[in-house]
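**Q** Number 69 in our numbering belongs to position 45 of the sequence shown; there are no gaps in the numbering.
Calculated cross-link-like contacts (lysine to any residue; reagent style SDA-like; alpha-carbon spacing at most 20 Å):
| # | residue 1 | residue 2 |
| --- | --- | --- |
| 1 | K131 | T110 |
| 2 | K131 | S45 |
| 3 | K131 | S38 |
FRET-style restraints, in silico, Cβ to Cβ:
| # | residue 1 | residue 2 | range |
| --- | --- | --- | --- |
| 4 | G77 | V97 | 16 to 26 Å |
| 5 | A90 | P43 | 21 to 31 Å |
| 6 | T117 | Q141 | 18 to 28 Å |
| 7 | L95 | L49 | 35 to 45 Å |
| 8 | A93 | V150 | 47 to 57 Å |
| 9 | A90 | P153 | 39 to 49 Å |
| 10 | P116 | A89 | 34 to 44 Å |
| 11 | A88 | T149 | 40 to 50 Å |
| 12 | L143 | L95 | 33 to 43 Å |
FYI, nobody ran anything at the bench for these hints, they're computed from the structure.
None of these values were measured; they are calculated from a predicted model.
We put the CB at the ideal spot given by N, CA and C, even for glycine.
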Amino acid sequence: MGICTCMGASLQCSFGAAPSSLIVLPANRTMVGGVPAATIMDCAPIVNVPPFGVCMSPSNPAVAAATAAALGVLTPMPCVPVPAGTWIVGAPTVLIGNMPTLNNSSKLMCSWGGVIQILAPGQGTVMVP
Numbered sequence: 025m026g027i028c029t030c031m032g033a034s035l036q037c038s039f040g041a042a043p044s045s046l047i048v049l050p051a052n053r054t055m056v057g058g059v060p061a062a063t064i065m066d067c068a069p070i071v072n073v074p075p076f077g078v079c080m081s082p083s084n085p086a087v088a089a090a091t092a093a094a095l096g097v098l099t100p101m102p103c104v105p106v107p108a109g110t111w112i113v114g115a116p117t118v119l120i121g122n123m124p125t126l127n128n129s130s131k132l133m134c135s136w137g138g139v140i141q142i143l144a145p146g147q148g149t150v151m152v153p
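Start from the sequences, fold in the hints, and give me the full structure.
**A** Have a look at this one:
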């Protein structure tokens with residue numbers, strides 16, 4: 025059993041320098057503890073997944089260019105998340121707007137090689153199978 029994730033959940037990217045908070049728009053009108061509940065489709069960069077400070081992934085073209093200019097010394101650049109798909113796996117048996125609910129064990133892959141995970145789901149009372 026996982027915990028239902030909602031607006032304000034704490035996120036961290038494996039190549040990011042700082043955590044950020046999930047933003048869930050109230051489009052589905054489903055609330056958990058007074059805040060909007062998330063689905064696996066809440067993965068849009070900037071809109072749902074804010075930046076994580078600076079990016080340290082050598083696969084990120086901005087980081088690669090800055091590192092090359094610094095003669096091979098890894099040079100972090102501002103993070104702009106580029107999700108490669110939706111959150112994986114979610115809770116497929118609990119649907120919100122015909123989409124699986126996002127749970128605290130879900131992961132989101134970034135195109136630059138990072139793995140975005142949920143540190144804190146934003147609430148602690150509603151469980152999903």
